[in-house]
Amino acid sequence: MWEVFIRSKAGLDHKHAGSLHAADAQMAMENARDVYTRRMEGVSIWVVESSHIHASDPDQASSMYDPANDKIYRHPTFYNLPDEVKYM
Amino acid sequence: MTVHSFQEHFDSLIDREIAIEPKDWMPDDYRKTLIRQISQHAHSEIIGMLPEGNWITRAPSLRRKAVLLAKVQDEAGHGLYLYSAAETLGVSRDELYNQLHTGKAKYSSIFNYPTLTWADMGAIGWLVDGAAIMNQVPLCRASYGPYARAMVRVCKEESFHQRQGFEIMLNLSNGTDVQKKMAQDAFNRWWWPSLMMFGPPDAESPNTVNSVRWRIKRLTNDELRQKFVDVTVEQAKILGLSVPDKDLKWNEERGHYDFGVINWDEFWNVVMGNGPCNKQRLETRKKAWEDGKWVRDAAMAHAAKRKERKAKAA
Amino acid sequence: MNNKRTLLDYTLRLADDALIIGHRLSEWCGHGPILEQDIALTNTALDHLGRARSLFQYAADQFNGFPAEDKKEVFSSVTLQTLLASGASIGEDDLASLRDGWDFRNVLLVEQPNIDWGYTVARSFFYDLFNYLYFTELVKSKDETISSVAEKSLKEVTYHLRWSSEWVVRLGDGTEESNKRIQQAVNELWMYTGELFVANDTDNVMQAQGISPDLGPLKTEWLARVQSVFDEATIAMPTGTWMQQGGKDGNHSEHLGYILTELQFMQRAYPGMSW
Numbered sequence: 001m002w003e004v005f006i007r008s009k010a011g012l013d014h015k016h017a018g019s020l021h022a023a024d025a026q027m028a029m030e031n032a033r034d035v036y037t038r039r040m041e042g043v044s045i046w047v048v049e050s051s052h053i054h055a056s057d058p059d060q061a062s063s064m065y066d067p068a069n070d071k072i073y074r075h076p077t078f079y080n081l082p083d084e085v086k087y088m
Numbered sequence: 001m002t003v004h005s006f007q008e009h010f011d012s013l014i015d016r017e018i019a020i021e022p023k024d025w026m027p028d029d030y031r032k033t034l035i036r037q038i039s040q041h042a043h044s045e046i047i048g049m050l051p052e053g054n055w056i057t058r059a060p061s062l063r064r065k066a067v068l069l070a071k072v073q074d075e076a077g078h079g080l081y082l083y084s085a086a087e088t089l090g091v092s093r094d095e096l097y098n099q100l101h102t103g104k105a106k107y108s109s110i111f112n113y114p115t116l117t118w119a120d121m122g123a124i125g126w127l128v129d130g131a132a133i134m135n136q137v138p139l140c141r142a143s144y145g146p147y148a149r150a151m152v153r154v155c156k157e158e159s160f161h162q163r164q165g166f167e168i169m170l171n172l173s174n175g176t177d178v179q180k181k182m183a184q185d186a187f188n189r190w191w192w193p194s195l196m197m198f199g200p201p202d203a204e205s206p207n208t209v210n211s212v213r214w215r216i217k218r219l220t221n222d223e224l225r226q227k228f229v230d231v232t233v234e235q236a237k238i239l240g241l242s243v244p245d246k247d248l249k250w251n252e253e254r255g256h257y258d259f260g261v262i263n264w265d266e267f268w269n270v271v272m273g274n275g276p277c278n279k280q281r282l283e284t285r286k287k288a289w290e291d292g293k294w295v296r297d298a299a300m301a302h303a304a305k306r307k308e309r310k311a312k313a314a
Numbered sequence: 001m002n003n004k005r006t007l008l009d010y011t012l013r014l015a016d017d018a019l020i021i022g023h024r025l026s027e028w029c030g031h032g033p034i035l036e037q038d039i040a041l042t043n044t045a046l047d048h049l050g051r052a053r054s055l056f057q058y059a060a061d062q063f064n065g066f067p068a069e070d071k072k073e074v075f076s077s078v079t080l081q082t083l084l085a086s087g088a089s090i091g092e093d094d095l096a097s098l099r100d101g102w103d104f105r106n107v108l109l110v111e112q113p114n115i116d117w118g119y120t121v122a123r124s125f126f127y128d129l130f131n132y133l134y135f136t137e138l139v140k141s142k143d144e145t146i147s148s149v150a151e152k153s154l155k156e157v158t159y160h161l162r163w164s165s166e167w168v169v170r171l172g173d174g175t176e177e178s179n180k181r182i183q184q185a186v187n188e189l190w191m192y193t194g195e196l197f198v199a200n201d202t203d204n205v206m207q208a209q210g211i212s213p214d215l216g217p218l219k220t221e222w223l224a225r226v227q228s229v230f231d232e233a234t235i236a237m238p239t240g241t242w243m244q245q246g247g248k249d250g251n252h253s254e255h256l257g258y259i260l261t262e263l264q265f266m267q268r269a270y271p272g273m274s275w
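Protein chains in written order, with the numbering used here: chain W, 1 to 88; chain L, 1 to 314; chain G, 1 to 275.
Just so you know, these hints were derived from the structure itself, not from any lab.
Careful, some of the hints might be misleading.
Stated by the list, open to error - Straight-line distance between alpha carbons at most 20 Å, and here's what the computed EDC-like set of lysine to aspartate or glutamate pairs gives:
#: 1; chain 1: L; residue 1: K279; chain 2: L; residue 2: D291
#: 2; chain 1: L; residue 1: K237; chain 2: L; residue 2: E266
#: 3; chain 1: L; residue 1: K287; chain 2: G; residue 2: D116
#: 4; chain 1: L; residue 1: K293; chain 2: G; residue 2: D173
#: 5; chain 1: L; residue 1: K293; chain 2: G; residue 2: D116
#: 6; chain 1: L; residue 1: K287; chain 2: G; residue 2: D201
#: 7; chain 1: L; residue 1: K293; chain 2: G; residue 2: E176
#: 8; chain 1: G; residue 1: K142; chain 2: G; residue 2: E73
Claimed, not checked - Over the 12 Å line for every Cβ pair with chain L, so calculated as not near, a few chain W residues:
#: 9; residue: D13
#: 10; residue: A23
#: 11; residue: D24
#: 12; residue: R39
#: 13; residue: S44
#: 14; residue: W46
#: 15; residue: N80
#: 16; residue: E84
Quantities reported herein were computed from a predicted structural model and do not represent experimental measurements.
Virtual Cβ for every residue (Gly too), placed ideally from N, Cα, C.
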């Protein structure tokens, strides 16, 4: 199994498009082209063997992501600035 | 956490319409139902390639040939997306194929009907894809994330399928007498099987209650069927075709069309393997799979050799 | 044949090659050994079909511009003659569906049956490699339409060649069985490769006018590249030297008749209708 990531146009991130079967990377790359870009969906492809992806455990979601919940100061909207200040 | 609280957590995700993802805990029944539903759908796409594939080499024009080829190819793609979604639930594509080939898994019984004339390409696109889209659009919001995402892709690609089918029918019904006859003949043969596509009546559909609760089914069989009849009867008028149902009548009170009794005896027989093409369809797929074994083996063997050589060189 | 007739003959050859190989590859749709490959092969079939359509449209334009007397002489098909007698002009579908077998100009290689994945891969490899080298030169054609078709096709063909070369290697250097099968396919199809490089009268006239490339140097290059892919695939170069030919002049194998029976069925059974 391989996971396919596609950049839909220059300047954008690669995004997960789906999965497929292939014997090796070369074949996976070509299959990805034939399966996932039939409607001009992409300009660049990454393929990754599914077994190489380590996924986080959803049961640990609270310890993984909740600590970020109260770090609101990381977001620009946390800071009140007068309306007159432009371009910031 | 006890199993009890796993269940509560799962239920609360479902209630809040939050997607369930592969690594989330899920009840066994949910997993089983999903595997059954997703793989049935995948099998239907793959078997569904065959009745239309029949006409690729005989398409009446090069334009129609290109469209049909692209459409049947899309079906292969949809099968692939859906098998991939099923695989996230811990079952392999090979195992699913095996279930199909041994007759353990079912697929949409509509594909056990034959495609006899070119007009069948029109009727399939218009009616069968039309019915399929009605079934599928709600599934883009199914509770299981990988399934919903696969369905979004499927529905996006599917939108041209019904249109090309209707266009074929329109062309025929504006054509010569024999073309009109061809269109009506195809309509006569595909109308009732299309209504059967929505599955048995709600009263006899054991899976509906849980499936609706789990948002892997969002409208009941009868609701979808009624919707399909209402929409399609109007489209048939545009084509100048008559619906092969003497009991069809607009019911002012209900605001829906009443329609005749579906031959459920035929439906169950086709499901059980007695349709006109069940055996032929399955044999064709089995043959493709068995004939392809040496090719798949070669690809794996070559990949292994290459890997080994690379490791040695490093 | 006058120059116009020769250009038509040449355009039809390019179109027929594309149509017939596309037809063969499309027969795999729904029957492939691997779902992903089913999709891949269909992409290729669609590329060929697209090229065939552009070329048939060009051929139809040429034909419709012929004087009435010439039109009568070009194709002997009764159905086409009836159509012409009605004063109608012809289109891409008439050329694909109403010409008789002897008016088809494709090489014998492309009409050979799929048989199995090995034969299909071998046939594609021989043809794709030829196409790649041929279209690389054809881009320089003095005929603008042909050169623009070649330019578009070259991108497609480059991918086709990569695909078929890799499969030759995969099968050759895969299992014992796959090696045996691809070797057999290569051996049996070999005698259809010679025709690709034999110039007939049409080729000679077209080459003299700078419309088609010189086939001589292509053959050397083709052989060298076949050898290099076969080396990697551990496949032996076939030793047979006898080559079948005739397709370019309308002498086909029995297979073409069956292809046309399916391909032309609708247009012949229901003449003059639009679909």
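A quick look at each hint next to the structure:
no. : hint               : in the structure
1   : K279/L with D291/L : holds, 18 Å
2   : K237/L with E266/L : violated, 27 Å
3   : K287/L with D116/G : holds, 12 Å
4   : K293/L with D173/G : holds, 16 Å
5   : K293/L with D116/G : holds, 12 Å
6   : K287/L with D201/G : violated, 45 Å
7   : K293/L with E176/G : holds, 13 Å
8   : K142/G with E73/G  : violated, 27 Å
9   : D13                : holds, 17 Å
10  : A23                : violated, 4 Å
11  : D24                : violated, 4 Å
12  : R39                : violated, 7 Å
13  : S44                : holds, 19 Å
14  : W46                : holds, 16 Å
15  : N80                : holds, 32 Å
16  : E84                : holds, 42 Å
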